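S.K.: So you can see what is in the structure, the chains are spelled out below.
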Amino acid sequence: MSESSCNMCERLLQLYLDGALNEIEARAAEAHLDECGYCRQHYRFERAYREYLRKTLTSERMSSELKTKLAALKTGAGSL
Amino acid sequence: MSEQASDATGRGLAEQARGRVRFEEEALDYADQVFQVARHLADSKEEAEELMQEAYARAFRSWRSYTPGTNMRAWLLRILTNINIDRGRRKQRRPVERPLEEGDYALYDRLEAAAGGDSNADQERLLHRLSQTNIVDALAELPHDFRDVLVLIDLGEFSYQEASQILAIPIGTVMSRLHRARRLLRQSLAGSLEGAE
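Residue numbers (the working numbering), protein chains in the order written: chain A, 485 to 564; chain B, 2 to 198.
Quick caveat, the hints were computed from the structure, so don't treat them as lab data. Any given hint could be a false lead.
On the chain A side, residues computed to face chain B include the following (Cβ under 10 Å) [as the list claims (entries may be wrong)]: (1) Leu499; (2) Glu530; (3) Thr540; (4) Thr542; (5) Ser547; (6) Ala555; (7) Thr559.
Pairwise CB distance ranges, derived in the manner of DEER restraints [stated by the list, open to error]: (8) Gly13(B) / Thr552(A): 30 to 38 Å; (9) Ser543(A) / Asp44(B): 13 to 21 Å; (10) Ile86(B) / Ser543(A): 21 to 29 Å; (11) Asp518(A) / Asn72(B): 17 to 25 Å; (12) Glu544(A) / Thr174(B): 27 to 35 Å; (13) Asp518(A) / Asp138(B): 31 to 39 Å; (14) Thr134(B) / Arg511(A): 35 to 43 Å; (15) Arg126(B) / Asn506(A): 22 to 30 Å; (16) Asn506(A) / Ala169(B): 19 to 27 Å; (17) Lys539(A) / Thr10(B): 50 to 58 Å; (18) Lys551(A) / Glu195(B): 38 to 46 Å; (19) Thr10(B) / Ala532(A): 53 to 61 Å.
All of these numbers come straight from a predicted model, not from anything done at the bench. For every residue, glycine included, the Cβ atom is placed at its ideal position computed from N, Cα and C.
Model the full structure from these sequences, guided by the hints.
M.R.: Here is the structure:
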């Protein structure tokens, strides 16, 4: 496998990271990652990239005003 | 109604009321997590806050349709996503003009190049070249149909199958939109690196 390009397994890598491959396909992907340094490097990057995006995009907190408004929507307490 | 039957009815109502209180408290415990997804399904923080209020009002009204012990966060996000779709706030965006000619690895290659071609550069350090503002803006610029799928799967942590059910689209469409959304996002982020250099 060329260490400078491996376009064929780009999409497979995404499916692997999504947990969307069946057992046989996942084993084949893992075997490929063991032998292809190019894909292994991109796999490590992809994992870190996804985590970085998730952390970055979920860092914004709800305002206390919104929390108060949501709590005010409760109806159960009044019916006890 | 006999006194005995009346007592039983009273106990039933009290139990139902307690169940409702428990449900509402549990739903509010998930509000932060639901907001993190709502924030990126909506176009702005203000719109996300409106969406949250509408979703929680609907959730509290239809609390009986929630099955205790199942995934409440997913249940709340289903309600919220459906409201977002129903609201008809689908602003027409211009079609994506930039062709998707770059592969999935293009962002990595661009970051690596920005680090002086050091292929052993620390991944975290490379990623910190992407600012929070650029990431939030790049996601907001994605066409809604693509963004919804990416947000539900990558932030909401839904499976392809669940996203397919929530959005009422075939699973193949979920996969193709997700692939395209991720690629567009990478392309946009790679472009933001060019602008920063």
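S.K.: Just pull the numbers of the violated hints for me, sorted ascending.
M.R.: 11, 15
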